[in-house]
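> Spelled out, the chains give:
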Amino acid sequence: KNEVEQSPQNLTAQEGEFITINCSYSVGISALHWLQQHPGGGIVSLFMLSSGKKKHGRLIATINIQEKHSSLHITASHPRDSAVYICAVVTGNQFYFGTGTSLTVIP
Amino acid sequence: SQTIHQWPATLVQPVGSPLSLECTVEGTSNPNLYWYRQAAGRGLQLLFYSVGIGQISSEVPQNLSASRPQDRQFILSSKKLLLSDSGFYLCAWSGPSGGANEQFFGPGTRLTVL
Chain A
1 KNEVEQSPQN
11 LTAQEGEFIT
21 INCSYSVGIS
31 ALHWLQQHPG
41 GGIVSLFMLS
51 SGKKKHGRLI
61 ATINIQEKHS
71 SLHITASHPR
81 DSAVYICAVV
91 TGNQFYFGTG
101 TSLTVIP
Chain B
108 SQTIHQWPAT
118 LVQPVGSPLS
128 LECTVEGTSN
138 PNLYWYRQAA
148 GRGLQLLFYS
158 VGIGQISSEV
168 PQNLSASRPQ
178 DRQFILSSKK
188 LLLSDSGFYL
198 CAWSGPSGGA
208 NEQFFGPGTR
218 LTVL
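Going down the list, the protein sequences come from chains A and B. Quick note: the first sequence uses our numbering, first residue 1, plus one each step. Quick note: the second sequence uses our numbering, first residue 108, plus one each step.
So here's chain A without its partners, still in its complex pose (with noise of 0.2 Å):
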């Protein structure tokens, strides 16, 4: 078993719709990292989260520490969010990442 779990695997939506991404941890953890990696494999740090919830724009990502489980929402989506989107966790010196979730946003 994995100690990230991610869900959706593949995710496809329309222009607009309201996206949520969920990853499941079983360790405990110091801090939980959302990246966002791009078809051409750049990857860029969205937000790192230790408890409660951040906005940054049209993204919103929410971590419950007693449930060990993070939630990364887009709102009003847009075809250039179109990305694979990754959690991360961090214990000690150890990273955790899921195997992503691959988001496709359609006109």
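The set of hints was computed from the structure by calculation and includes no laboratory data. Note that this is a predicted model, so its numbers are computed, not measured. One or more hints might be untrue.
Simulated crosslink set (DMTMM-like; lysine to aspartate or glutamate; CA at most 25 Å straight-line) [unchecked claim]:
id: 1; chain 1: A; residue 1: LYS55; chain 2: A; residue 2: ASP81
id: 2; chain 1: A; residue 1: LYS55; chain 2: B; residue 2: GLU209
id: 3; chain 1: A; residue 1: LYS55; chain 2: A; residue 2: GLU17
id: 4; chain 1: A; residue 1: LYS54; chain 2: B; residue 2: GLU209
id: 5; chain 1: A; residue 1: LYS68; chain 2: B; residue 2: GLU166
id: 6; chain 1: B; residue 1: LYS186; chain 2: B; residue 2: GLU166
id: 7; chain 1: A; residue 1: LYS68; chain 2: A; residue 2: GLU5
id: 8; chain 1: B; residue 1: LYS187; chain 2: B; residue 2: GLU129
id: 9; chain 1: A; residue 1: LYS54; chain 2: A; residue 2: ASP81
id: 10; chain 1: A; residue 1: LYS53; chain 2: B; residue 2: GLU209
id: 11; chain 1: A; residue 1: LYS53; chain 2: A; residue 2: GLU67
id: 12; chain 1: A; residue 1: LYS68; chain 2: B; residue 2: GLU209
id: 13; chain 1: A; residue 1: LYS54; chain 2: A; residue 2: GLU5
id: 14; chain 1: B; residue 1: LYS187; chain 2: B; residue 2: GLU166
id: 15; chain 1: A; residue 1: LYS55; chain 2: A; residue 2: GLU5
Based on these hints, arrange chain B on the given structure of chain A.
Relative to the frame of chain A, chain B by itself:
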């Protein structure tokens, strides 16, 4: 502002040949540095991280090694490449609190071993 560079961007190497990938960071001091690999169809895997010059921690036993000869330089090497070393290699840096800090990724090197 901080920037992170990786080169080369793409590389095709025969099995058994050596490897050297370089990563440099500008605009920050004493960063934590990381090497990741993403094999085709698989998630990211942390290979090495470094909290300072000459300090390297390996997360996964493998055919690769890393070195940090200068504060803002991180090198990934192999003496003899294997087919299984093919993948997308990413360097990243963060502040000194390590994983509890935001990570900034380089553009990556796509390595194909034939």
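> To test your reading of the hints: which numbers does this structure violate?
No numbers; nothing is violated.
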